[in-house]
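Engineer: What follows is the residue order along each chain.
Number of protein chains: 8
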Amino acid sequence: MKYTVYLSGEIHTDWREKIIAGAQAQNLPVTFTSAVTDHDASDAAGDVLGKETDSFWRDHKSSKVNAIRTKLMIEQCDIAVIRFGDKYKQWNAAFDAGYCAALGKSYITLHSEEIIHPLKEVDAAAMAWAKTPEQIVEILTYVISTK
Amino acid sequence: MKYTVYLSGEIHTDWREKIIAGAQAQNLPVTFTSAVTDHDASDAAGDVLGKETDSFWRDHKSSKVNAIRTKLMIEQCDIAVIRFGDKYKQWNAAFDAGYCAALGKSYITLHSEEIIHPLKEVDAAAMAWAKTPEQIVEILTYVISTK
Amino acid sequence: MKYTVYLSGEIHTDWREKIIAGAQAQNLPVTFTSAVTDHDASDAAGDVLGKETDSFWRDHKSSKVNAIRTKLMIEQCDIAVIRFGDKYKQWNAAFDAGYCAALGKSYITLHSEEIIHPLKEVDAAAMAWAKTPEQIVEILTYVISTK
Amino acid sequence: MKYTVYLSGEIHTDWREKIIAGAQAQNLPVTFTSAVTDHDASDAAGDVLGKETDSFWRDHKSSKVNAIRTKLMIEQCDIAVIRFGDKYKQWNAAFDAGYCAALGKSYITLHSEEIIHPLKEVDAAAMAWAKTPEQIVEILTYVISTK
Amino acid sequence: MKYTVYLSGEIHTDWREKIIAGAQAQNLPVTFTSAVTDHDASDAAGDVLGKETDSFWRDHKSSKVNAIRTKLMIEQCDIAVIRFGDKYKQWNAAFDAGYCAALGKSYITLHSEEIIHPLKEVDAAAMAWAKTPEQIVEILTYVISTK
Amino acid sequence: MKYTVYLSGEIHTDWREKIIAGAQAQNLPVTFTSAVTDHDASDAAGDVLGKETDSFWRDHKSSKVNAIRTKLMIEQCDIAVIRFGDKYKQWNAAFDAGYCAALGKSYITLHSEEIIHPLKEVDAAAMAWAKTPEQIVEILTYVISTK
Amino acid sequence: MKYTVYLSGEIHTDWREKIIAGAQAQNLPVTFTSAVTDHDASDAAGDVLGKETDSFWRDHKSSKVNAIRTKLMIEQCDIAVIRFGDKYKQWNAAFDAGYCAALGKSYITLHSEEIIHPLKEVDAAAMAWAKTPEQIVEILTYVISTK
Amino acid sequence: MKYTVYLSGEIHTDWREKIIAGAQAQNLPVTFTSAVTDHDASDAAGDVLGKETDSFWRDHKSSKVNAIRTKLMIEQCDIAVIRFGDKYKQWNAAFDAGYCAALGKSYITLHSEEIIHPLKEVDAAAMAWAKTPEQIVEILTYVISTK
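Chains as they are written, first to last, in the numbering used here: chain A, 1 to 147; chain B, 1001 to 1147; chain C, 2001 to 2147; chain D, 3001 to 3147; chain E, 4001 to 4147; chain F, 5001 to 5147; chain G, 6001 to 6147; chain H, 7001 to 7147.
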């Protein structure tokens, strides 16, 4: 059995790399997927279709191009990990969590104790809350590879 | 035909009241629904089931009790309005937006121009973006009551 | 038992009025729904949210506002009637037909013999093809009111 | 991860070949699917089941045989590209777009600026609008192969 | 709570009338629905749309008009009763049973002991098998009105 | 807005009556539904269709007749309350919980602290755990009637 | 792309073998599936679980064991072929057709002209009607292998 | 064709091993999946995310981690076998049965005659009831490998 794990959210720290490396160290049969995490590339995703002068429409066009990818990845994943850093709005991460919840996809949140309260609705629909990438790796290892 | 409109998000300004009053002034056949917007009551929603010493679990318990209500309201609404103020995390609002998107529920966002960029993914899946409650009322009036 | 019938497509002739009058003459327990058929109002549906200089985005914004209404009406109808005139592209009507087909909603097409060939895919997924509004009324009467 | 992209619509220009060649040049892991694009073969798809004298029924029979293929391809695709030329009705393309929209399949439209207005409802439910096959290839490359 | 019960199958005996009368005698809050049971009217359902010379297409056209009604009734019913007489093919009744099964609609079969063996697959997906209309009334009464 | 609450599980104490009385005292707009709770009547539900000598088939036949009712009630409820007493197997209650979970129906468990451990999987998918009928009434009142 | 085609219905002639051989001759990438077609083995499918004295329950038990297989095969097929011979009830074939129709699975019927009228509802929901296995092979070849 | 069979329930006897060995002896193309059956490991599944002092929350956290695995396995299985021993509550097994039933997954129960009566609702929604692992192997062999 092979698993697909979608990694959603914060793009300023190396939590994705840590999870991927940890999973590889455990030989987990997991393919990780993710939105495009290069911030500038992501913001410019729609530019190839024609430049926009209005920033709302530029964002709109790029977000929809990005959504072709993320919608598919969420729908095809077996498990999602949704990461919130202590800074920034990260509304896309909460949006992904709601999307997962409505589809019945299991997701695990990854965030510090500082933001428990504002994340309470997101955590309430999660299957687990982890504080570190290492914990995520341990949970994935348990869930996926225990005989 | 009667409509149900779910009002999600920010609880510190009177945007809900303005929309409801505007819809009544237009005699729209709309029932508005909403999460419990009394902040303290909402945080304490699970206390009746037993006090928790750990704040994570208190939040967890209350959020799940609140989710009995909000999950039902989202699933039963015809249209959602999702409001983001300029302050606070409001991850529950973005979560609701993702939930609506996955269910194929039409939603309209209500927020200022200041936060276009961080809301781009949420707006990309919305059917409209309004800046004022008055615009929401105009849109609802057009959608619901035009012959 | 009450029925909801969605009337989709061409807006330049009085086929809607004829069907509605015919159904009333037969006392059918039917509520008819429809997109906003005032062409100018429909094109301007999004203007209240802010004027657009780019015609693509003006169309885009208005179409999405209109889609809040039509998506709901299609999802809530029991039967759809989809009308194609001999002129104009009317891609929205074919779009509605595809939407109905995917949802498993029964629809009846209403068009002349001149356009059988270009409509063959749309007719192939229809439950019936009528040439006149009077035939639509007869079919609805049979389907709805036969004891 | 492998992707399936369904190419729907106009059959008189070589847009399909251009997209397929472009994707191969980028080594994209994509399988392209399509309705039978040989016009005469498509019109005759049902003839093997017995000749029809009435052209409506000949079209009907052939369209249903073709729909066995296209329905399956739409349901199994990850992304659709829907092409409208400036001429012809191409109602089947708009039908496919509506079908995709109702299933929640992401689609990209491919058409010139001349027909923005009649395609506004179809574009409103699309994830992107491209003017050239080259843009489609760029979008697919971004969506599928960005690390 | 009100119930809708769909009565499918054989049209040559008065089993429908007996069930309806029995339910009325018990004051059950049930609306009964049914295909058009007038054999000639049913066969001619599509004639209003134009006469067909080929009997296959006449049947096809009429069956689809009838299916607008029966598809809706099955999808909206709470319980179905599916009756097989000892004579005739009655493939439409078995078709309705399969349709109910796939939708997860509870159905009760009504037939004599003579045809247990050919109906074994249909009975295997049923919630009950009754031999008389009186038994159907008793089951409905128990299911619907027991406090 | 009216709510339907399904009461599942243990039949030897008066927890149903207490919840119903409590909800009435609060004037909650709730209709309560339930399996047939008369044990003997429930065991005999299928007898009208013919006596069985084999106790497995008698149980089977009666359980399916009862399932016509319970399946419908679960699918139509807004919220379920699932009660486990300290004695008996009550596998039907756990079955109902699993059924609710798969459908995405919110349910609240009602049981003592003694059986937390064996119910951990059932509680993990619940929205709340209550120890007394009074707590259930408080939760319902909060969820349903808070402005 | 690989296809799965489910072959349902009559078991007294060699239509399955002809279709399979024809598809192999065309090198179609098709896996064919089917109910157990050994009549005695099928009737005895449940006997291993304990002998039944009542023939209704023997049939019931065996049919459910067989349904584990057929339900899965229908749900996993891309296309179904449903064969009716001129003799026998073959209600299971019509049941399978209804099941396919409700799931939106394309099916092709295979039967002689003699039984057009009793099969009209089954044919109305089919994508094609063939009279010979050779026609089925031609249709599959066209649908599956046309470039 | 490959099959996935989910083995749910009792963990104190070697019924899983017997079924797996029997299936291997028959060369069945089956992958078996299961919850983590090491009782202590399962109870401790959530401990890595932080120790809990309250046993309800420890159970809750571990059960949700386990549910990431079991939910996925149930949703991905083709057939489930659900085992009840004569002792213990085993509410998780009945929960899994209800979950399967709601998803339309075929399941087979495995239990002794002693507990027919309390399991009647669970058996009523099952496709078969077996008393021994050997019978399960025979049923799987018949269902999966009969030509």
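Hints should not be assumed to be uniformly reliable.
Pairs of lysine to aspartate or glutamate residues, derived as EDC-like cross-links and limited to a Cα-Cα distance of at most 20 Å, are as follows [what the hints assert, rightly or not]:
1. G/LYS6018 - G/ASP6043
2. F/LYS5087 - H/GLU7075
3. C/LYS2051 - A/GLU52
4. C/LYS2147 - E/GLU4052
5. D/LYS3147 - A/ASP40
6. F/LYS5131 - B/GLU1052
7. F/LYS5051 - F/GLU5138
8. E/LYS4089 - E/ASP4038
9. G/LYS6018 - G/ASP6086
10. C/LYS2089 - D/ASP3086
11. C/LYS2002 - E/GLU4075
12. D/LYS3089 - C/GLU2134
13. E/LYS4147 - F/ASP5038
14. E/LYS4147 - F/ASP5047
15. E/LYS4131 - F/ASP5047
16. D/LYS3051 - G/GLU6114
17. D/LYS3147 - A/GLU113
18. A/LYS147 - H/ASP7040
19. H/LYS7087 - F/ASP5086
20. G/LYS6051 - F/ASP5086
21. D/LYS3087 - C/GLU2017
22. C/LYS2131 - C/ASP2014
23. H/LYS7051 - A/ASP86
24. G/LYS6147 - D/ASP3047
25. E/LYS4147 - F/ASP5040
26. B/LYS1087 - B/GLU1138
27. E/LYS4131 - G/ASP6054
28. B/LYS1147 - C/ASP2086
29. C/LYS2147 - E/ASP4014
30. D/LYS3131 - A/GLU52
31. E/LYS4089 - E/GLU4114
32. F/LYS5089 - H/GLU7114
33. D/LYS3131 - A/ASP47
34. E/LYS4147 - F/GLU5052
35. H/LYS7089 - F/GLU5113
36. G/LYS6147 - D/ASP3043
37. H/LYS7002 - H/GLU7075
38. A/LYS51 - D/GLU3114
For the record, the hints were derived by calculation from the structure and aren't laboratory data.
Engineer: Given the hinted pair E/LYS4147 and F/ASP5040, is their Cα-Cα distance within 20 Å?
Structural biologist: Given that 20 Å is the threshold and the Cα spacing comes to 14 Å, the pair holds.
Engineer: Is the Cα-Cα distance between E/LYS4147 and F/GLU5052 20 Å or less?
Structural biologist: Violated, because 26 Å separates the two Cα atoms, which is more than 20 Å.
Engineer: Hey, E/LYS4089 versus E/ASP4038, does the alpha-carbon distance stay inside 20 Å?
Structural biologist: Holds - the C-alpha atoms of E/ASP4038 and E/LYS4089 are around 17 Å apart, at most 20 Å.
Engineer: Quick one, are C/LYS2089 and D/ASP3086 close enough, alpha carbons at most 20 Å?
Structural biologist: 10 Å, holds
Engineer: Holds or violated: G/LYS6147 and D/ASP3043, Cα atoms, limit 20 Å.
Structural biologist: OK: G/LYS6147 and D/ASP3043 at ~15 Å, within 20 Å.
Engineer: Is the hinted pair F/LYS5089 and H/GLU7114 satisfied, with a Cα-Cα distance of at most 20 Å?
Structural biologist: OK: F/LYS5089 and H/GLU7114 at ~13 Å, within 20 Å.
Engineer: Does A/GLU113 sit within 20 Å of D/LYS3147, going by the straight-line distance between their CA atoms?
Structural biologist: Roughly 30 Å separates the two Cα atoms, so the pair is violated.
Engineer: Taken at face value, is the distance from the CA of C/GLU2134 to the CA of D/LYS3089 at most 20 Å?
Structural biologist: Violated: D/LYS3089 and C/GLU2134 sit about 26 Å apart, past 20 Å.
Engineer: Under the criterion that the straight-line Cα-Cα distance not exceed 20 Å, is the pair H/LYS7051, A/ASP86 satisfied?
Structural biologist: 23 Å, violated
Engineer: Against the 20 Å threshold, does the CA-CA distance of F/LYS5131 and B/GLU1052 hold or violate the hint?
Structural biologist: Roughly 15 Å separates the two Cα atoms, so the pair holds.
Engineer: With the threshold set at 20 Å, check whether the alpha-carbon distance from E/LYS4147 to F/ASP5047 stays at or below it.
Structural biologist: At roughly 19 Å apart (the allowed maximum being 20 Å), F/ASP5047 and E/LYS4147 satisfy the hint.
Engineer: Hey, E/LYS4131 versus G/ASP6054, does the alpha-carbon distance stay inside 20 Å?
Structural biologist: Roughly 16 Å between the alpha carbons, so the hint for E/LYS4131 and G/ASP6054 holds.
Violated hints, listed in ascending order, are 1, 2, 4, 7, 12, 17, 20, 21, 23, 26, 28 and 34; each of the other numbered hints is respected by the structure.
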